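So the sequences go chain by chain: X and Y.
Going by full-length UniProt numbering, the first sequence opens with residue 1, and the numbers climb by one from there.
Going by full-length UniProt numbering, the second sequence opens with residue 1, and the numbers climb by one from there.
Read the hints as simulated data drawn from the structure, not as lab findings.
Be aware that one or more of the hints could be misleading.
To be verified - Some chain Y residues close to chain X (C-beta under 7 Å, calculated; not the full set):
1. 25
2. 26
3. 36
4. 59
5. 64
6. 145
7. 274
8. 287
None of the values given here were measured: they were computed from a predicted structure.
Even for Gly, the Cβ is constructed at its ideal location relative to N, Cα and C.
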Amino acid sequence: MRQINKAARHTTGRLLSIRKVGTYFHLVLQAEGIAEGAKPGNFIALSVGGDQSSMLLHRVFAIYRSRQDPSHGAVIELIVARSGKGSDWLVAQSEGTLLKITGPLGTSFPLPADPVNVAIVGGGYGAAPLFDLADHLKARGCRVDAIIGAATSSKVFAPLEGKRTVNSVTVTTDDGSAGIQGRVTDVLPEIITRQRIDLIYSCGPMAMLRAVDDIARSLSIPHQVSVEEAMACGVGICMTCVLPMMRGDKVKMVRTCIEGPVIDGEEIAWDEVAR
Amino acid sequence: MTLDFSTTIAGVRFKNPIFTASGCAASGKELSQFFPLKELGAVVTKSIMLKARSGRPTPRMAETPSGMLNSIGLQGPGIDAFIEEDLAWLQTQSCDVIVSIAGETVDEYGALARRLRGQRGIKAIEVNISCPNVANRGQVFSCDPVTARAAIEAVRINLGGEFPIIAKLSPDVTDIVAIAREVIEAGADGLALINTLLGMVINPKTLRPHLAGKTGGLSGPAIRPVAVRAIFQVRERFPSVAIVGMGGVVHGEDALELVAAGADAVSIGTASFGNPMSVIEIRDRLSTLIQDHGFTRFSDAVGVAHER
Ligand SMILES: Cc1cc2nc3c(=O)[nH]c(=O)nc-3n(C[C@H](O)[C@H](O)[C@H](O)COP(=O)(O)OP(=O)(O)OC[C@H]3O[C@@H](n4cnc5c(N)ncnc54)[C@H](O)[C@@H]3O)c2cc1C
Ligand SMILES: Cc1cc2nc3c(=O)[nH]c(=O)nc-3n(C[C@H](O)[C@H](O)[C@H](O)COP(=O)(O)O)c2cc1C
Ligand code: FES
Numbered sequence: 001m002r003q004i005n006k007a008a009r010h011t012t013g014r015l016l017s018i019r020k021v022g023t024y025f026h027l028v029l030q031a032e033g034i035a036e037g038a039k040p041g042n043f044i045a046l047s048v049g050g051d052q053s054s055m056l057l058h059r060v061f062a063i064y065r066s067r068q069d070p071s072h073g074a075v076i077e078l079i080v081a082r083s084g085k086g087s088d089w090l091v092a093q094s095e096g097t098l099l100k101i102t103g104p105l106g107t108s109f110p111l112p113a114d115p116v117n118v119a120i121v122g123g124g125y126g127a128a129p130l131f132d133l134a135d136h137l138k139a140r141g142c143r144v145d146a147i148i149g150a151a152t153s154s155k156v157f158a159p160l161e162g163k164r165t166v167n168s169v170t171v172t173t174d175d176g177s178a179g180i181q182g183r184v185t186d187v188l189p190e191i192i193t194r195q196r197i198d199l200i201y202s203c204g205p206m207a208m209l210r211a212v213d214d215i216a217r218s219l220s221i222p223h224q225v226s227v228e229e230a231m232a233c234g235v236g237i238c239m240t241c242v243l244p245m246m247r248g249d250k251v252k253m254v255r256t257c258i259e260g261p262v263i264d265g266e267e268i269a270w271d272e273v274a275r
Numbered sequence: 001m002t003l004d005f006s007t008t009i010a011g012v013r014f015k016n017p018i019f020t021a022s023g024c025a026a027s028g029k030e031l032s033q034f035f036p037l038k039e040l041g042a043v044v045t046k047s048i049m050l051k052a053r054s055g056r057p058t059p060r061m062a063e064t065p066s067g068m069l070n071s072i073g074l075q076g077p078g079i080d081a082f083i084e085e086d087l088a089w090l091q092t093q094s095c096d097v098i099v100s101i102a103g104e105t106v107d108e109y110g111a112l113a114r115r116l117r118g119q120r121g122i123k124a125i126e127v128n129i130s131c132p133n134v135a136n137r138g139q140v141f142s143c144d145p146v147t148a149r150a151a152i153e154a155v156r157i158n159l160g161g162e163f164p165i166i167a168k169l170s171p172d173v174t175d176i177v178a179i180a181r182e183v184i185e186a187g188a189d190g191l192a193l194i195n196t197l198l199g200m201v202i203n204p205k206t207l208r209p210h211l212a213g214k215t216g217g218l219s220g221p222a223i224r225p226v227a228v229r230a231i232f233q234v235r236e237r238f239p240s241v242a243i244v245g246m247g248g249v250v251h252g253e254d255a256l257e258l259v260a261a262g263a264d265a266v267s268i269g270t271a272s273f274g275n276p277m278s279v280i281e282i283r284d285r286l287s288t289l290i291q292d293h294g295f296t297r298f299s300d301a302v303g304v305a306h307e308r
């Protein structure tokens, strides 16, 4: 059994800036002691609602980027979508708000040893951590083709810096308001063939991950998936975030906050995943 | 003036009265990433069953106003793997451990107790009898005086007096004092009050129960007044029984409320989910509050609400 991320710390950090990006919010947090140990694919957990909050549970967000800021030290950036009470509260905070932060948590994207051809497939805000990953892949000499999907143009997360990092970006939207009308899986097979893709990374809604994994399996291409299961704690103590995974020849309910979010697609027992 | 923050539960001394709540700290390993476990009065482990269990399907959790519903379904590795891995690891942490057990039949409670005999590093056994009895149409053991008694008797006989027994009761009963009496007579040295209350959330969009298991256990501050009431009532009738209180403690003030009602120790559950340092923050705040009230011994604060 895997253990909690050995770099994980609990600290109080300051919200340095918050800015709207499409329908999302870009948050920069001072996160001394947390940002330093963060790897692409890791996430953080935040307490929300302040000290007398009626929201008891952690909210978890993928780390979009972690870096050393010349004036603020170790910072973490998040891309946050409004999807309920806690995220509504978070994006309504102003600069200077102090936040209880726990992280970095979970597994990270394993990096290939050789300069291979990689496809990154992101859905909605799931694209955020993939651009940081792309930076690392490019540094290793990989070719990186990005496929970014969303329901509509305002939910496409493809920042300019990110676009510059990768070799190509293909955007798909369900309503055709940006890029190609359709789903990421409509364009993925063609890109796999054209760019001779050796390895796929994906992050987004579970249905998208599953569809990408179907393609990856059928072509025997290794696929690293960053899954999203509802989490109450994010640190491995509540057992709510489990996903059925193959362990030997048995299916086991595994905590995705500890053994995930990044998982080898092959290990997921998709047929037993609740829908 | 220094505070004697220690507490005694059924003859066993703990260095401070703040414990983790069963099922809200796994087996301690994850929280030890954030603070040394020996900082706690005790680690109470997740209820362990005889065999490995995969638990309920997801969704298993719903956040509710000042609380949450869970239907984890006692997922766990089974007692053998627990002893070999989790307990062995805990023994290296120089922390005090209370092992929680849960059975599906009276015999299973007995078998679990037998299996724990002779194990090092255990300070007490918490018997979670708030689970469904397979032999009795899934009726919860602690909701029926006869089965509550039978489960505790099975543990007592098989434990051979080696560790104190703490019976954990469900608040989903008409008269918790009556159930407390049964388990005390059956040989429980202490009581853990309270387990979660059964609840349900219906998703207003799908109009279906949100949890895959339909119902779940309600925890968090939403249930704190129920916990305070249960502890107060039981303490009133049984002035000398040990009580480990729990239910919605998020701040030191909340812990003090349970102590004043009669809790000799306080377990922290749901609060840890939103902040892994909660247990330590609550411990420190409780210590300050007790001194502010002029107590020099924690034990003098236990049950004070009954005298005022
Ligand atoms: C590994 C991981 C990375 C994520 N990264 C991002 C990100 O970069 N940006 C972003 O906007 N969102 C991200 N999410 C989703 C985000 O955690 C939820 O949108 C958020 O918790 C919802 O909180 P709420 O209070 O708005 O909703 P509520 O429905 O009120 O939340 C209630 C409870 O359920 C949990 N919960 C509800 N939905 C989810 C969900 N989809 N995933 C996990 N927990 C959930 C919450 O944590 C909370 O404990 C990520 C989720 C996971 C598991
Ligand atoms: C996710 C979760 C899992 C739990 N698992 C157990 C368990 O295995 N055994 C047990 O006796 N109680 C279990 N409980 C109940 C808690 O130990 C505690 O009695 C209850 O949650 C009230 O305390 P709280 O409000 O501080 O959480 C669980 C509670 C939660 C929220
Ligand atoms: S979210 Fe609590 S164990 Fe994973």
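Hints, one by one, checked against the model:
1. 25: holds (5 Å)
2. 26: holds (5 Å)
3. 36: violated (14 Å)
4. 59: Status holds, d = 6 Å.
5. 64: violated (9 Å)
6. 145: Since chain X brings no Cβ nearer than about 31 Å to residue 145/Y, farther than 7 Å, the hint is violated.
7. 274: Constraint on residue 274/Y satisfied, holds at 5 Å.
8. 287: violated (19 Å)
Checked against the numbered hints given earlier, the structure breaks hints 3, 5, 6, 8 and satisfies all the rest.
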